[in-house]
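If you read the sequences in order, they're chains A and B. Quick note: the first sequence uses the working numbering, first residue 14, plus one each step. Quick note: the second sequence uses the working numbering, first residue 4, plus one each step.
These are computed hints drawn from the structure, not numbers from a lab. For glycine and all other residues, C-beta sits at the position ideal for the given N, C-alpha and C. Treat each hint with caution, since some may be false.
As a list, the in silico BS3-like pairs of lysine-lysine whose alpha-carbon atoms are at most 30 Å apart [as the list claims (entries may be wrong)]:
| hint | chain 1 | residue 1 | chain 2 | residue 2 |
| --- | --- | --- | --- | --- |
| 1 | B | LYS182 | A | LYS269 |
| 2 | A | LYS252 | B | LYS258 |
| 3 | A | LYS331 | A | LYS345 |
| 4 | A | LYS278 | B | LYS227 |
| 5 | B | LYS253 | A | LYS341 |
| 6 | A | LYS203 | B | LYS150 |
| 7 | B | LYS227 | A | LYS341 |
| 8 | B | LYS173 | A | LYS203 |
| 9 | A | LYS18 | B | LYS227 |
| 10 | B | LYS248 | A | LYS331 |
| 11 | B | LYS258 | A | LYS345 |
| 12 | A | LYS242 | B | LYS150 |
| 13 | A | LYS203 | B | LYS230 |
| 14 | A | LYS331 | B | LYS253 |
Here are some, though not all, of the chain B residues that point toward chain A, as calculated from beta-carbon distances under 8 Å [unchecked claim]:
| hint | residue |
| --- | --- |
| 15 | PRO141 |
| 16 | ALA144 |
| 17 | MET162 |
| 18 | GLY166 |
| 19 | TYR199 |
A short list of chain A residues far from chain B (calculated; beta carbon distances all over 12 Å) [unchecked claim]:
| hint | residue |
| --- | --- |
| 20 | LYS43 |
| 21 | ALA70 |
| 22 | SER183 |
| 23 | GLU187 |
| 24 | ILE194 |
| 25 | ASP328 |
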Amino acid sequence: MENYKDVLVYIEQRHGEIQTVSLELLGIGKTLAEKLNVNVNACIVGNNIKNLAKELAYYGANKVYIVENEILENYVNEPYTKALATVINDVKPEIVLVGATSIGRDLAPRVSSRVHTGLTADCTNLDIDPETNNLLMTRPAFGGNLMATIICPNHRPQMSTVRPGVMVQSRRDETLTSEMIDYHINFTDKDMNVQVLERVKEKAKKIRIEDANVLVSAGRGIGSKENMKSLYQLSDMIKGEVSGTRAVVDNGWLDKERQVGQTGKTVRPDLYIAAGISGAIQHVSGMEDSNLIIAINKNPSAPIFEVADVGIVGDATKIIPEVIKELKQISK
Amino acid sequence: MKIVVCVKQVPDTSEVRIDPITGTMIREGVKSIINPDDLSGLEAALRIKDVYKAEVIALSMGPMQADNALRECLAMGVDQAILLSDRKFAGADTWATSLSLSKAIEKINPDLIIAGRQAIDGDTAQVGPQIAEHLNIPSVAYVNEIKVKDENSLVVKRMFEDGYQSILVKTPCLLTVLKEINSVRYMRVAKIYNSYKDGLVEVWDNEVLKLDPHELGLKGSPTKVKKSYTKGVKTAGKVFEVDSKEEAAKIIIDKMKENYIL
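Turn these sequences into a full structure, and let the hints guide you.
Here is the structure:
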């Protein structure tokens, strides 16, 4: 156990693009590494990826392990498992972080089985236990009704997949450098038991408001389709999606697939901004379990204020643009 | 073709509520169901059986009451149902669960294993790929289409957030499927009746699997739950009567910062 040291972040790249979640993991990885007084390192797997490694230095990786091979052109479970498991067995990190994407949630389980260690899925919080130095991995379960903190006390590395959008990237710094380590792994036919016949990249992503961490939601009080624009602008700035009430959908201001409520979808985001929503029970039943509800409505006796954590009596069509303006100031 | 479908009995989490006074989870009166993704896996197997000669075996691990879930599988048309149940299996994390299941699958020796992508109680999506690793066979996750190409190969559609791959995979292999892959058939009345006959669900304990007890259940699990908690009782919110839109914007932004949205 004591031979295991440092934090290793698996860098997910798709078609030569580093996925944002991996940079977020370098951010939290660095925080954890500082608490343990160790390094945060990165492992990137693929074909023709050397040019990406420098970017990882800028985001704080001390060492970058590069596994490059033609066989790794497309993500396929087995060869990628071999790549990451080989690096882990060799460099012996005490913590391994993987993004909880459709790739990470397929790769990490297989790797954890191969290196015989525990894996905690979809974590939303990571910390170090000051007494034992164990990794504390916190995740929601039972449809978000329960939070559980998981430990992996007797096996190394401690592995976790981490939900995208939860952790914060470190500041990009072009003066930073890291040690680049080319990792040569011998792949044979036995490592490739499937054949990728076709790879299709779809541009238009289907919107699933149920999966959004933040929803900016419109009610009749938004007044017009034109006024919806500021809601989209705000949701972009806080990495959210736009949703709304049945009235807004019926008015043709919003697509049906974005409707919240009894005849729409049930959502539980971290933040639900109810803009110009009065709060009919049919709507409230679809969003009342949201973690934080901020409601803006002109009518001080609107029922939405009964379920809101923060209520603001005012005109959403004026307040939302003001929030956007303030956020722009902050990001400057 | 011999197909094993892994099914899990789970509480219907959409019915789980938090007690507004104590802040604890109310489990009483919440019904147990077959995990939705697993039902789709079962349907996918039955559709292969509808067209080709196939034998479908439903496999579950859990307490004895999970045999209800397996009877539902029988009523839908599976040929055989096996329940892994032993007190030694209790408290298993995904590593230990997948080891026990893989040992059972080794004994059945199927051509294809289908599991749901993830269960609604744990939401981990880990057990499927981990079974494949223990068995040392290829696996494809996030599948939403299965076509039988010939006796020993399949063409499947593997979904990603930003597209998909069409993949040729040889059997034996393991697939985890998405709920969207199909719509699930109903149980048949005559089969429901028959499924409640005695002795239809085979129960295997560790006498059958013969795994090292140190690799089972809580003892064999690398991960442990340190603590669990609910998010707590919701306190009444505050309503602000503001004088200006600037003041309103400030309140909203402060609240977002406080909750780490920004």
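Here is what the structure says about each hint:
1. Using a Cα cut-off of 30 Å, the hinted pair LYS182 (chain B) and LYS269 (chain A) holds, with the two alpha carbons roughly 21 Å apart.
2. For the given pair, LYS252 (chain A) sits about 16 Å from LYS258 (chain B) by alpha-carbon distance, which is consistent with the 30 Å threshold.
3. Between LYS331 (chain A) and LYS345 (chain A) the CA atoms are separated by roughly 22 Å; this keeps the pair inside 30 Å, and the hint holds.
4. Restraint check: the Cα-Cα separation between LYS278 (chain A) and LYS227 (chain B) comes to about 34 Å, which exceeds 30 Å; the hinted pair is violated.
5. Of the pairs offered as hints, the one joining LYS253 (chain B) and LYS341 (chain A) holds, with about 13 Å between alpha carbons and a cut-off of 30 Å not exceeded.
6. Distance restraint check for LYS203 (chain A) and LYS150 (chain B): the Cα-Cα separation of roughly 23 Å lies within the 30 Å cut-off, and the hinted pair is therefore satisfied.
7. In summary, the hint linking LYS227 (chain B) to LYS341 (chain A) is not supported, as the alpha carbons are separated by about 44 Å, beyond the 30 Å threshold.
8. The straight-line distance between the Cα atoms of LYS173 (chain B) and LYS203 (chain A) is roughly 12 Å, inside the 30 Å bound, and the hint therefore holds.
9. With a C-alpha separation of about 21 Å, the suggested pair LYS18 (chain A) and LYS227 (chain B) falls inside the 30 Å cut-off, and the hint holds.
10. Note on LYS248 (chain B) and LYS331 (chain A): the hinted pairing holds, with a Cα-Cα distance of about 7 Å set against a maximum of 30 Å.
11. For the suggested pair LYS258 (chain B) and LYS345 (chain A), the alpha carbons sit about 20 Å apart, so the restraint of at most 30 Å is met.
12. Simply put, LYS242 (chain A) and LYS150 (chain B) have alpha-carbon atoms about 43 Å apart, too far for the 30 Å limit, and the pair is violated.
13. With a CA separation close to 42 Å, the supplied pair LYS203 (chain A) and LYS230 (chain B) exceeds the 30 Å bound.
14. A threshold of 30 Å between alpha carbons decides the hint, and for LYS331 (chain A) with LYS253 (chain B) the separation of about 13 Å falls inside it, so the pair holds.
15. Annotation: PRO141 (chain B) was flagged as interfacial toward chain A, and the flag holds, the nearest CB pair being 4 Å apart, inside 8 Å.
16. At about 4 Å, the closest approach between the beta carbon of ALA144 (chain B) and any beta carbon in chain A falls short of 8 Å, and the interface hint on this residue holds.
17. The closest approach between the C-beta of MET162 (chain B) and any C-beta of chain A is roughly 7 Å, which is under the 8 Å cut-off, so the hint is satisfied.
18. This hint holds: GLY166 (chain B) has a C-beta 4 Å from the nearest C-beta of chain A, less than the 8 Å allowed.
19. For TYR199 (chain B), the interface hint is violated, the least distance from its beta-carbon to any beta-carbon of chain A being 30 Å, above 8 Å.
20. At roughly 17 Å, the least C-beta separation between LYS43 (chain A) and chain B is larger than 12 Å, which holds for a residue marked as non-interface.
21. Residue placement check: ALA70 (chain A) keeps its beta carbon more than 12 Å from all beta carbons of chain B (closest about 26 Å).
22. Here SER183 (chain A) stays apart from chain B, with its beta-carbon at least about 16 Å from theirs, past the 12 Å limit.
23. The beta carbon of GLU187 (chain A) is kept farther than 12 Å from every beta carbon of chain B, the shortest such distance being approximately 25 Å.
24. ILE194 (chain A), annotated as away from the interface, keeps every beta carbon of chain B farther than 12 Å; the closest lies near 26 Å.
25. Listed as a non-interface residue, ASP328 (chain A) fails to keep its Cβ farther than 12 Å from every Cβ of chain B; the least gap is roughly 8 Å.
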